[in-house]
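There are 4 protein chains.
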Amino acid sequence: MNTVAFIGLGHMGQPMALNLVKAGVTVKVFDLVPEAMAELTEQGALMATSACGAAAGADVVVSMLPAGRHVRGLYLGQEGQPGLLDVVAKETLLIDCSTIDAKSASEVAKVAASKGIEFVDAPVSGGTGGAVAGTLTFICGGTDKGFEQAKATLSIMGSHIFHAGGAGAGQIAKICNNMLLSVLMIGTSESLQLGIDHGLDPSVLSEIMKVSSGGNWTLEKYNPCPDVMPNVPSSHDYQGGFMVDLMIKDLGLSQEAALSSNSSTPMGALARSLYVNHGRKGHGQLDFSSIFEEFNKKG
Amino acid sequence: MNTVAFIGLGHMGQPMALNLVKAGVTVKVFDLVPEAMAELTEQGALMATSACGAAAGADVVVSMLPAGRHVRGLYLGQEGQPGLLDVVAKETLLIDCSTIDAKSASEVAKVAASKGIEFVDAPVSGGTGGAVAGTLTFICGGTDKGFEQAKATLSIMGSHIFHAGGAGAGQIAKICNNMLLSVLMIGTSESLQLGIDHGLDPSVLSEIMKVSSGGNWTLEKYNPCPDVMPNVPSSHDYQGGFMVDLMIKDLGLSQEAALSSNSSTPMGALARSLYVNHGRKGHGQLDFSSIFEEFNKKG
Amino acid sequence: MNTVAFIGLGHMGQPMALNLVKAGVTVKVFDLVPEAMAELTEQGALMATSACGAAAGADVVVSMLPAGRHVRGLYLGQEGQPGLLDVVAKETLLIDCSTIDAKSASEVAKVAASKGIEFVDAPVSGGTGGAVAGTLTFICGGTDKGFEQAKATLSIMGSHIFHAGGAGAGQIAKICNNMLLSVLMIGTSESLQLGIDHGLDPSVLSEIMKVSSGGNWTLEKYNPCPDVMPNVPSSHDYQGGFMVDLMIKDLGLSQEAALSSNSSTPMGALARSLYVNHGRKGHGQLDFSSIFEEFNKKG
Amino acid sequence: MNTVAFIGLGHMGQPMALNLVKAGVTVKVFDLVPEAMAELTEQGALMATSACGAAAGADVVVSMLPAGRHVRGLYLGQEGQPGLLDVVAKETLLIDCSTIDAKSASEVAKVAASKGIEFVDAPVSGGTGGAVAGTLTFICGGTDKGFEQAKATLSIMGSHIFHAGGAGAGQIAKICNNMLLSVLMIGTSESLQLGIDHGLDPSVLSEIMKVSSGGNWTLEKYNPCPDVMPNVPSSHDYQGGFMVDLMIKDLGLSQEAALSSNSSTPMGALARSLYVNHGRKGHGQLDFSSIFEEFNKKG
Numbered sequence: 035m036n037t038v039a040f041i042g043l044g045h046m047g048q049p050m051a052l053n054l055v056k057a058g059v060t061v062k063v064f065d066l067v068p069e070a071m072a073e074l075t076e077q078g079a080l081m082a083t084s085a086c087g088a089a090a091g092a093d094v095v096v097s098m099l100p101a102g103r104h105v106r107g108l109y110l111g112q113e114g115q116p117g118l119l120d121v122v123a124k125e126t127l128l129i130d131c132s133t134i135d136a137k138s139a140s141e142v143a144k145v146a147a148s149k150g151i152e153f154v155d156a157p158v159s160g161g162t163g164g165a166v167a168g169t170l171t172f173i174c175g176g177t178d179k180g181f182e183q184a185k186a187t188l189s190i191m192g193s194h195i196f197h198a199g200g201a202g203a204g205q206i207a208k209i210c211n212n213m214l215l216s217v218l219m220i221g222t223s224e225s226l227q228l229g230i231d232h233g234l235d236p237s238v239l240s241e242i243m244k245v246s247s248g249g250n251w252t253l254e255k256y257n258p259c260p261d262v263m264p265n266v267p268s269s270h271d272y273q274g275g276f277m278v279d280l281m282i283k284d285l286g287l288s289q290e291a292a293l294s295s296n297s298s299t300p301m302g303a304l305a306r307s308l309y310v311n312h313g314r315k316g317h318g319q320l321d322f323s324s325i326f327e328e329f330n331k332k333g
Numbered sequence: 035m036n037t038v039a040f041i042g043l044g045h046m047g048q049p050m051a052l053n054l055v056k057a058g059v060t061v062k063v064f065d066l067v068p069e070a071m072a073e074l075t076e077q078g079a080l081m082a083t084s085a086c087g088a089a090a091g092a093d094v095v096v097s098m099l100p101a102g103r104h105v106r107g108l109y110l111g112q113e114g115q116p117g118l119l120d121v122v123a124k125e126t127l128l129i130d131c132s133t134i135d136a137k138s139a140s141e142v143a144k145v146a147a148s149k150g151i152e153f154v155d156a157p158v159s160g161g162t163g164g165a166v167a168g169t170l171t172f173i174c175g176g177t178d179k180g181f182e183q184a185k186a187t188l189s190i191m192g193s194h195i196f197h198a199g200g201a202g203a204g205q206i207a208k209i210c211n212n213m214l215l216s217v218l219m220i221g222t223s224e225s226l227q228l229g230i231d232h233g234l235d236p237s238v239l240s241e242i243m244k245v246s247s248g249g250n251w252t253l254e255k256y257n258p259c260p261d262v263m264p265n266v267p268s269s270h271d272y273q274g275g276f277m278v279d280l281m282i283k284d285l286g287l288s289q290e291a292a293l294s295s296n297s298s299t300p301m302g303a304l305a306r307s308l309y310v311n312h313g314r315k316g317h318g319q320l321d322f323s324s325i326f327e328e329f330n331k332k333g
Numbered sequence: 035m036n037t038v039a040f041i042g043l044g045h046m047g048q049p050m051a052l053n054l055v056k057a058g059v060t061v062k063v064f065d066l067v068p069e070a071m072a073e074l075t076e077q078g079a080l081m082a083t084s085a086c087g088a089a090a091g092a093d094v095v096v097s098m099l100p101a102g103r104h105v106r107g108l109y110l111g112q113e114g115q116p117g118l119l120d121v122v123a124k125e126t127l128l129i130d131c132s133t134i135d136a137k138s139a140s141e142v143a144k145v146a147a148s149k150g151i152e153f154v155d156a157p158v159s160g161g162t163g164g165a166v167a168g169t170l171t172f173i174c175g176g177t178d179k180g181f182e183q184a185k186a187t188l189s190i191m192g193s194h195i196f197h198a199g200g201a202g203a204g205q206i207a208k209i210c211n212n213m214l215l216s217v218l219m220i221g222t223s224e225s226l227q228l229g230i231d232h233g234l235d236p237s238v239l240s241e242i243m244k245v246s247s248g249g250n251w252t253l254e255k256y257n258p259c260p261d262v263m264p265n266v267p268s269s270h271d272y273q274g275g276f277m278v279d280l281m282i283k284d285l286g287l288s289q290e291a292a293l294s295s296n297s298s299t300p301m302g303a304l305a306r307s308l309y310v311n312h313g314r315k316g317h318g319q320l321d322f323s324s325i326f327e328e329f330n331k332k333g
Numbered sequence: 035m036n037t038v039a040f041i042g043l044g045h046m047g048q049p050m051a052l053n054l055v056k057a058g059v060t061v062k063v064f065d066l067v068p069e070a071m072a073e074l075t076e077q078g079a080l081m082a083t084s085a086c087g088a089a090a091g092a093d094v095v096v097s098m099l100p101a102g103r104h105v106r107g108l109y110l111g112q113e114g115q116p117g118l119l120d121v122v123a124k125e126t127l128l129i130d131c132s133t134i135d136a137k138s139a140s141e142v143a144k145v146a147a148s149k150g151i152e153f154v155d156a157p158v159s160g161g162t163g164g165a166v167a168g169t170l171t172f173i174c175g176g177t178d179k180g181f182e183q184a185k186a187t188l189s190i191m192g193s194h195i196f197h198a199g200g201a202g203a204g205q206i207a208k209i210c211n212n213m214l215l216s217v218l219m220i221g222t223s224e225s226l227q228l229g230i231d232h233g234l235d236p237s238v239l240s241e242i243m244k245v246s247s248g249g250n251w252t253l254e255k256y257n258p259c260p261d262v263m264p265n266v267p268s269s270h271d272y273q274g275g276f277m278v279d280l281m282i283k284d285l286g287l288s289q290e291a292a293l294s295s296n297s298s299t300p301m302g303a304l305a306r307s308l309y310v311n312h313g314r315k316g317h318g319q320l321d322f323s324s325i326f327e328e329f330n331k332k333g
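Residue numbers (my numbering), protein chains in the order written: chain X, 35 to 333; chain G, 35 to 333; chain Y, 35 to 333; chain S, 35 to 333.
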């Protein structure tokens, strides 16, 4: 049976690690905030006093951190401190589930490869709900071997596991998807409001577009217009779900990627500006479908 | 058994009328271009010498014309000539399948209503392929009574028949859908190219996004990247399908609608400008998924 | 000495007509709202009881109306009533100072030309301030002869008089200018805020860009950032000036024009959507430089 | 009399250094490409064999390099090699004229400040023409003392020298300006083409907008429509001037800055995407006013 070191126990990391514990995996946890480890140790996880301590002897390391600089710090070391890549055994499988810039992911993967260590970037989607339920989607970048090895651990925490390509490909695929999602959300919002402004019932219009060529995920699962679907954020004052601030973060990552590859993303770039305007007005904590409110005022 | 007058036998009207003939309906046809009627009369349709002549005594009138001015001319009359609304019996059901501006549709509907005649605006989607196969989608505006009556005739020519709302609602719903479609197409194109620019395989990326929150009709049915799907225009030099020039027409209608209702459509308006740029460079006859080519150059 | 008929005495028309009166011109006024004529008759204008009555015997007709349908109604007639073109003498010079769609302007001009009457479209810029001060800018469309004749009257009400081209060209040139103005305003706003977000003093940044390649009218005369310039709307809670709702009207006219000529205006179309969002939130009566407030929130 | 070390002798650096030589300044030059130093030494400059060698004993160091990583490498050192900040005397004035990301500029400035050395970021505008003529514009960031000291040297190479604020402010002000410039250029292009599409003469329309509220630098100095102005790139097949690829670089820097400060720049972001599309089609070496060609096709 494997031992997993889990580094980073925030809103996502905590329930993810808990699912490993519940599945009978030996889990050693570490977080800079000791309180974050309390519930997990109550449930049977072992508490480490440092990231390196958690990783020592583990078969698999899973990390879930906020940004590229944290991931680089963890694996490559920082301020004179060694990183995991300096201390773990060659057989250790490293899985980073953070959503970070592709450049950082590739940089860590490159160093890992130079040491013969498998490193898989495996950003998730599905939110805290999916993390709790163990139904997350993982989009992985790495070698075929690394991906196959990672599946065993990831399948305990999620229900969809994709292999997007080589090192960094998981990050790229995720931000491509989330950039497209933001475009779907805004395009759907303005289309629905255009219909409403002409007297159409948004439920009827949604139903028509959903099964026509305008069909997309937001109409299927996440209608931004209040009271069209019962159990979505738009019908509950845009509470819960995927926050505007997180969408802005992901759109920033997609723009960074577009800058580095000299890519043109007119829709994605516009979506970012509209979301930033929305967030800066104080709506950063609302669900991202609240962008609908930028369109539905009566004036 | 009903008699149907069919006015306007272009690329769409001809196969639509033919399906009525084949179903055993008595069809009286009229088009300004006599040749357009030849094939239909060979198949058993009756040829009229004027629109009013075709409509005289018909139970149902179906029209399929290029633009609002033609529809207004047909039903309201022009240059001193009477329109159909001046001559048909009160019981005649009028169905206009043209894609036109909502204002013209509402104007004709209003005059019809003042005379107690049912008028249904029923723009189609599905292209010439759907017209031939009898699998078109009709998006209808009109009274409940008019809609119910229209179903019998429309179901011979199509497989999906929606009731979007009152007079003009069919046109609005259609252009909302097509505006959204253009946004899906461009958003998907730039997301795929961003992935490609970072070394991802577009087939793999498409597969991932299709079942994730970026999922949309273009990924399901109409991938814009060549050789990802076999039987779509992008894999055949963007031949066939739904022409750029027709998308520009529909985006123009959606912008007209947005102007009249003081609606904001940043994504739809941007899509129109990008499609116009594309069309003006000489790509107006290509399928609308060819917008992908604006992004995939290497520079 | 000429007699001028002045039709339409709103916020702009009233002070414009007054300047003619003060200059000693014999002015016959008409407005559907009798009160609008009171101040002018006190100052010496003659009151007419209809537009045709005002125009009868006048050498010059000046009209200042809200929209294309009013202008078409006035000159071409409506609901069975004759229009000015049915009643005025062939020598009468017609000058329409309204800002309307180019199509209406061309339509009226065409009928006028068919009767041998000179018609000049002469939309203004400069606001009520310029109307009172007699410093308006007139951008004219019409024949060389019509333009030369119109100058005498227009120069009493304004200080800049341009000849943009043939019939309708005045309207087109004005909306091209105002579309560009909206782009300058938003581009300047976001550039200033980007600097502010990085700690720059907006006054210093404005000063630098004004004399560099970012230089434009808004930096010269109308800085959107509060307290950079003393006597502009941004330094007075965005009161006065050119209202957001009027900018939205002009951007609508420019988009109508772009639709009719199959032109691509990505920046102008985006500007319209941003202004509509802004206006619908309740800011329609603020000066158009208040678009800056869409960017300057702290979040 | 001062001694100036000049590091980086590309298309801009070479003529800038030459102006110093011609003004009688003792100039020590260094470039990784020896040939780049040949002309300067012929004119009297002293050739150094390394950047540190050039800087040793110099009163002022001027650097002109392609990107942030080169500037960081030069001043902070790289791959175990010392940087200028490790070797120069405390009294040396450092002036970096490169256009780079604000973050790199601030990083170098911070290290310099910690050692008590004045560092001024002083990106230029004016192109190679301005470099040769000695009429460049310098936009500086740094302390008041550093700025005052830098003026003596900069005024030999340029005619406008601005102080935008503290460390990094020169870079920010420059990219704000250039982002705004790109918006002016595209907004002007689409406005001119809208007029042309309606039959207006672009020269007449330009003249009107130039003195109206659409007035901006591109209409004054750099009209994008061929044959409106004689001595600009648009009238010479878009040769010379400021290349599309360089505008894309600057727009990338402005978007990086917007990402780091969570700023919304809808116009600037759209401009970048349009320029990238244009550049990737093979127009990267044309002058940036060639964006007009994206709009002026007839279709």
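Treat the hints with care, as some may be off.
It does not matter which identical chain is used: a pair holds within one copy or between any two.
Heads up, simulated BS3-like pairs for lysine-lysine below, C-alpha to C-alpha not over 30 Å straight-line [unchecked claim]:
id, residue 1, residue 2
1, Lys179, Lys56
2, Lys124, Lys255
3, Lys331, Lys144
4, Lys244, Lys124
5, Lys283, Lys315
6, Lys144, Lys124
7, Lys185, Lys137
8, Lys315, Lys255
9, Lys124, Lys149
Keep in mind that the hints were calculated from the coordinates and are not lab data.
Hint-by-hint comparison with the structure:
1. Lys179 x Lys56: within (26 Å within a copy, 59 Å between copies)
2. Lys124 x Lys255: So Lys124 and Lys255 fail the 30 Å test inside a copy (43 Å) and across (45 Å) alike.
3. Lys331 x Lys144: Answer is between: at 29 Å across copies they meet the 30 Å cutoff, but 50 Å inside does not.
4. Lys244 x Lys124: Close neither inside one copy (50 Å) nor across copies (36 Å); limit 30 Å.
5. Lys283 x Lys315: both (16 Å within a copy, 26 Å between copies)
6. Lys144 x Lys124: The answer is within: 14 Å in one copy meets 30 Å, while 39 Å across copies does not.
7. Lys185 x Lys137: within (24 Å within a copy, 39 Å between copies)
8. Lys315 x Lys255: both (26 Å within a copy, 28 Å between copies)
9. Lys124 x Lys149: For Lys124 and Lys149, the Cα distance is within 30 Å only inside one copy (7 Å; across copies 42 Å).
Violated hints for the displayed structure, listed by number in ascending order: 2 and 4.
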